[in-house]
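A.B. asks: The first sequence begins at 1 in full-length UniProt numbering and counts up one residue at a time.
Worth flagging that the hints you see were computed from the coordinates, not collected in a lab. Treat the hints loosely; a few may be bogus.
[Claimed, not checked] Straight-line alpha carbon distances no greater than 30 Å define the calculated DSSO-like cross-link-like pairs of lysine-lysine that follow:
1) Lys503 to Lys459
2) Lys438 to Lys128
3) Lys438 to Lys277
4) Lys438 to Lys179
5) Lys448 to Lys118
6) Lys228 to Lys239
7) Lys493 to Lys503
8) Lys459 to Lys438
Every value quoted in this text rests on a predicted model; they were computed, and no experiment measured them.
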Amino acid sequence: MEVESYMGRIVAIDASMALYQFLIAIRAQGGEGTAAAVLTNAEGEQTSHIQGMFNRTIRLLSAGIKPVYVFDGKPPNMKGGELAKRQAKRAEAQKKLEEARAKGDIEAIEKHEGALVKVSKKDAEDVKVLLRAMGVPVVEAPCEAEAQCAELVRGGKAYAAGTEDMDVLTFAATRQLRKLTFSSSKKADQRIVEINHARLLNDIGLTNDQFVDLCILCGCDYTNRIDKVGPKTALKLIKQHGSIEAILKSMSTSPKEYDRVPDEWLDADTRSKRKAKRRAQALARLTNTENRVPLETTKPKEDNNAHHQDIDNKQQQDKNKIQPLAFAATTNEIPAFAPTTQSVNTSTAEATFAATTNEIPAFAPTTQSVNISTEIEATSAPTTTEIVQQPLMTEATENIIPMEVDEDEFIPVKTAELKESESTEIELEEQNDEDESKHVPEYIGARKLFKEHEIIPAKDIQLKWTKPDEAALRAFLIDKMGFAAERVDGAIKKLITAQGSLKQQRMDSFFKVLPKKVDGNVNKRPPPPASKKPAAAKKKKTR
DNA sequence: ACTCTGTCAACAGACGGG
DNA sequence: GCCCGTCC
DNA sequence: ACCTGTTGACAGAG
1 MEVESYMGRI VAIDASMALY QFLIAIRAQG GEGTAAAVLT NAEGEQTSHI QGMFNRTIRL
61 LSAGIKPVYV FDGKPPNMKG GELAKRQAKR AEAQKKLEEA RAKGDIEAIE KHEGALVKVS
121 KKDAEDVKVL LRAMGVPVVE APCEAEAQCA ELVRGGKAYA AGTEDMDVLT FAATRQLRKL
181 TFSSSKKADQ RIVEINHARL LNDIGLTNDQ FVDLCILCGC DYTNRIDKVG PKTALKLIKQ
241 HGSIEAILKS MSTSPKEYDR VPDEWLDADT RSKRKAKRRA QALARLTNTE NRVPLETTKP
301 KEDNNAHHQD IDNKQQQDKN KIQPLAFAAT TNEIPAFAPT TQSVNTSTAE ATFAATTNEI
361 PAFAPTTQSV NISTEIEATS APTTTEIVQQ PLMTEATENI IPMEVDEDEF IPVKTAELKE
421 SESTEIELEE QNDEDESKHV PEYIGARKLF KEHEIIPAKD IQLKWTKPDE AALRAFLIDK
481 MGFAAERVDG AIKKLITAQG SLKQQRMDSF FKVLPKKVDG NVNKRPPPPA SKKPAAAKKK
541 KTR
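Using the sequences plus the hints, can you model the full thing?
C.D. replies: If you want it as structure tokens, here you go:
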């Protein structure tokens, strides 16, 4: 869509994500032999994000688009393995950065600095001050900003969520706008991409519940993924079976396939059985080193994982010989039963999540389903509201066939010989098993996160765009942040013009026909065309 | 040889003058 | 239009 | 104290 089509529209934007991007992108060369660094004021406070936000907001307003910025609250208390992975990655980057600094390797410094960019509380507060002075509304989400953006759209307070992050659709935002970063100098491809949630569901032929499951399968953030299952396969599987539970059940008939399902996705019972099997395999291989029987899933991909393996080896080599073997036995980076911080974190995080989700008030679920089903109308309306609620979930979970433990085709088990040498490792693992009786499959937690995310109901939020507070802006930008007075004044002029014309444009869009050059019309809400099929490809096709 | 998948690494702004 | 230096 | 999507090159499986 052309920019002009969105004149007068309200767009909810995830501020934290924008800030993050600005901090990474807006950097200055610091002269010869120095790494590029974020812009700062005299006190050394970061200003790149201020610069970026100020410019972009003025540009949006000048185009007649009314932004509302939504800030993150507390992170959701889940993200078990993912969280641990990120922490590890971060620590690694930190280490590498220091090494690079010591060596004076500029390229490496920049690379690792980028990986460590973080939006601090203060950064966000600074931007809130800026936005309020600009007369632009700010919403503070209780949890994830994307979820709150989606609620604003669903509740009619905003026309669309403006973000690149596909998660808003999983949160059931009615519309999403991408590529909202049109620039003043016209480069090629200035189009804004609009994605309509109801149409998307209609086109790919899924209910919202199925769509959420699809996103989880594709690896939406909060969970591990099933190896070999990407977008295409995930869609195929969901269409074929209807839910993750049904897919798992189907996969459980083939040991080879079922091996790919991450431990965290299994219920406690199946999971501990699998672990018992792995343990037996590992021990058998340990004591039987001359006579190793190759496992089918054993080949580690040298190129991909060699790095990680090295690290693991450095740290654990002599402590625990089971680790490398276990690593080989699973395709995941971190064996779930390995006595590392990772597995501990995972279980505690999940326990916390399980405990807290009960407290989440009955916000979203009803609103979501109702809105979606009313918009879908034709195709799948009857099913959407009821299809996947608790009953199906639990029922299906119970039906999953546990993996066969005893018949090991490849392992010659000689239990008697194993015991004395490896008893310590075994004890370690069994201690973990205790906590794991409470284990809830990861994808179920993720599902809850998408469907019952903590939000402020849209009806409780009032949005207002007011005249900018010129004095406050000058004080903040010029005096505090050290911006050039000339530029600021110029920008403020633009801002006032844009804010002033907002009302006019809005009236125009109500009472007048739109400018001639626009061939579509703004209010067009195309009904789901029964014939239009190619759109299904649009979602994944990069084009 | 060809297609479909998955994985990895690299990368991300906006303005204005020339 | 595109390229490139600059923003703090 | 957490924080990501896209792209293009590439490898492996069917």
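A.B. asks: What are the numbers of the hints the structure violates, in ascending order?
C.D. replies: 2, 4, 8
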